[in-house]
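Undergrad: Sequence order for the protein chains is A and B.
By the count of the UniProt record's numbering, the first sequence reaches residue 787 at its end, each step adding exactly one.
By the count of the UniProt record's numbering, the second sequence reaches residue 234 at its end, each step adding exactly one.
No lab work stands behind these hints: they were computed from the structure.
Note that beta-carbon positions come from the ideal geometry of N, C-alpha and C, so glycine has one too.
Any given hint could be a false lead.
Unchecked claim - Computed list of chain A residues with no C-beta within reach of chain B, every gap over 10 angstroms: (1) Arg238; (2) Gly241; (3) Tyr245; (4) Val273; (5) Arg288; (6) Glu309; (7) Ala378; (8) Pro399; (9) Ser404; (10) Ala560; (11) Leu692; (12) Pro719; (13) Leu757.
To be verified - Chain A regions said to be covered by chain B (calculated; three or more residues, Cβ under 8 angstroms): (14) 351-361; (15) 693-701.
To be verified - Stretch-level coverage of chain B by chain A, calculated; a stretch enters the list once three of its residues show a Cβ under 8 angstroms from a Cβ in chain A: (16) 102-108; (17) 132-144; (18) 165-174.
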Amino acid sequence: MSPLTRKLLRDLWRIKGQAIAIGAVIAVGVLMLVMMTGLVASLEETRRAYYERYRLADVFAPVTRAPGHRAEDLGRLPGVAAVETRITGAALIDLGRDRLPIQARAVSLPDLRAPRLNAIHLTDGRMLQGGRNDEVVVLNSFARAVGLHPGDRLTATMNGFRRELRIVGLAQAPEFLYTTPPGELVPDDARFAVLWLNQSALEAVFDMEGAFNEALLSLTRDARRAEVIAAADRLLDRHGGLGAYPLHDLGSNRFISEEINGLKTSTAIVPPVFLAVAAFLLHIVISRMVQAEREQIGLLKAFGYTDWEVGGHYFRMILTIATGGALAGCVLGIVAGRAMVDLYLYFYKFPFLVFRLDPSSFLTGFVVSILSASAGGALVLRRVFALTPAVAMRPPAPPDYSRSGRFRGLAARFLDQPTRMVLRRLTRQPLRMAGAVVGIASGIALSAAMASILDSFDEMMDLTFGVMDRSDMSVTFTQPIEARSVLDLAAIDGVIEVEPVRMVPAILRHGRDSYRGAIHGLRAEPRLYRAVDKAQRPLYLRGDGITLSRGLANELGVRAGQVLTLEVREGRRPRVDIPVIAVAETLLGSPAYMELDALNRALKEPLRVSGAYLRVDPARADRIHARLKDMPMVAGVSLKAQARASLARVMDQGAGGTRYVMALIAAVITFGVIYNAARVAQAERARDLASLRVLGFTRAEVAYVLLGELAVVTLLALPLGGLMGWGLSFVISRGYSTDIYQIPPLFSAESYGWAMLVVLLAALVSGALVKRDIDRADLVAALKTRE
Amino acid sequence: MGNAFTTRDLRKVYGEGPAAVHALRGVDLEIPEGEIVVLLGPSGSGKSTLLNILGGLDRATDGQVFFRDSELSAMSDAELTRYRRDHVGFVFQFYNLMPSLTAQENVELVTEIARNPLSPEEALALVGLEARADHFPAQLSGGEQQRVAIARAVAKQPDVLFCDEPTGALDSVTGRAVLHVLRDVNRKLGATVMIVTHAAAQAAIAHRVIRFADGAVQSVTVNETPASPEEIEW
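Given the sequences, and given the hints that come with them, work out the whole structure.
TA: Right, dumping it as structure tokens:
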């Protein structure tokens, strides 16, 4: 082993604390990079393979009732590669045992052949046999959640017909990667099912002999999707076409795309921050080392080592730390990625999801950490090159403070000398001090903003389930019914209040932007389900326009007073222009509201409702459930408490779970910066501090000179970190906001308090560690060595 | 006048077992107050170790050391700090000025915590540097820095002034000037001045010369007529 290598190892051992701190920061950056790019690659690749293998359609064209031969017309459209038709409809599963009926979607499969598009992946049992109309294949996640197995029986009500079905298999399918109960936005395996039946069975049930109500199209490679969609709409219009839409508008696919985009955004933002911090820290540590070892450097050069050999020695140290950090980051990234994959499997029903290492992320991780570390070290190497042996062998001139401030007048009277030392040092290298301040402030900002997001999640839940929705349950009818039928609901013993609602699927268009969603038709002054303004006051729903949620208004780029086009996808499918009269605050979903009568007028269907919100006596909830189950008009019931619980679960475990990781990471950065600042300050001033001790200063007084600097840096970082955190919370809240929910940027004093407390604690711990070394310092040795 | 320092069988061992280094092997000394004492000897002879122990920077492994009537060897760390603060001035080979403080502020660093200090201006005048009071160490020559260090050491009016190779890093002209200042301090303030050096010629200005070899006192010479710094050979 060459002497320089031995020196390298010993030096690394000497600065192990700092090296580990810096390596940890690099490791976290690389960890995030490897984990997130790996997740993106896994999700994208698995999704692509899954879609491809099970021939997921490129275009979905729902229609009211189209004759079977229309499929051939669709197949002749330019750009269409394959067509499959099917029958789908709402179903209600009765699991008995006093349980609420469960909403399900019935989907047909061809009787005697495999589907050309949208095949399913059988996980248990067998496929349907042709002509066996009592057989059913059930969505695997639902069956597992409620404890159903192949061979079990199941009662389902479809289109008013009650059917006894025998489960022959369990399956999953790429179009149901992410399944939510109707009207809800987060998955709950136990409350939503998909039932696959033979086409002949559903033809009978839904009165669709020789017809279909959904066409699936796959496109050729060169197809123009928008043109195909327009052509399909034209073809299906006379059969009650409900508007064809592309795969990326499919609910399940949209959720997973949101997730992937979120990951990509984080990948672009988070790791670079860490690597920049690490570069800054390395720069400080190595430049300090070069300063301290200038004699050795001079000696090596005097012996005949070249600039490059000596520079290379310090560069190898940088490389070792960077490589070590990157290596640890890669390994931890794989571990973290594997753990995240399990989490994703819980929400996204892939038949398999292997954490796919993106080998390029290793390379990127290594190259980027080494480059950024080298950037931190390059400036230092210049100094190594500049040292000539002669200069290096002379004792160094004292650092020049002649340009720093003189204290006159009041300052001269009140500032004692130790304080002046603190102040002059702070001002002598303002850039470095600013770097330390910004580094610590970033840590505060990151943790404060992340902690604030926790409150934002709560705020979102409260607004949604406390302020807007004050009902206990909502009931959906099988089809729009006469308004007075809700009186039947009110008559149930234990129902305190009933409020009708009309939900209408529609496409909202403004300019080139469009959104597929539903319009809530509510009373002008609803009590149970309300739209609220910024101050959370209920909005009066005027009859002369539409009220949009903020998320929707932003997506469509529309303000109050502007007009948008409504394409209703139900009944007569009218198309109306309607002014936006107000924007409502919502944090969950992107609803639009209209006054009920005005909506019905626009639909030319007066006095119709499609569901109701109920407030009930909780003591009689079970009996109410039983009554609702027996009402043929009821298609589904959802309990607010259940919806709230499933959202809370997503917040804690899913995307929301990463916020805990982020908070932890913020702590790593903060501690890394503070600890290094303290260590470097101590190393640079060991001799000054020892001199002070010799002059009769006590340990506490000496610690003040050193830690005063750290204290000032930390105190300056507190307000700056607060400000940065406030700005960051806007960025993060936007990053966490998805199609499903919006996370409002909140300023939570408590979160900031905590973040600052943590920083102060980190400063205290670092201070204590450094002070321990000051106390132990050998006065005699420190004085003998010429810095 | 009494003794500034008394040592009895003072021993200092660094390390343990066969690797142990015996820096002091039983030193018995009496150093009267108000003298200039030069400790002479080759490197490794133990003179600096003795200075460090007398100055309260280091502890003996065995034996006793007294400052006047107080036993230094029995003091706690805090008491040693107090002792250095109240009684002792130090002048270092490499000056050890605070680079972030001006000459005057370096002196004030000590006067602020001393019980009966000179004014910083007086202290600087004593070393002839009143005109450079507002300069930072980086703006001063080596000799000037050492004179500031002496001003800083004497400003508290110490009872003892310890100088470890005070002229080691200086040329002959500045070195003589520094010795001059040390003699003035001894005369004007009555401080005991202890100088460690390996330059035998400098011993001429001392009242008492203690020669060290191999961790033990070889000889103590009393000089009734100390020379002036101008007379010594460099």
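Undergrad: So which of the earlier hints does this model not fit?
TA: 8, 9, 11, 14 and 18
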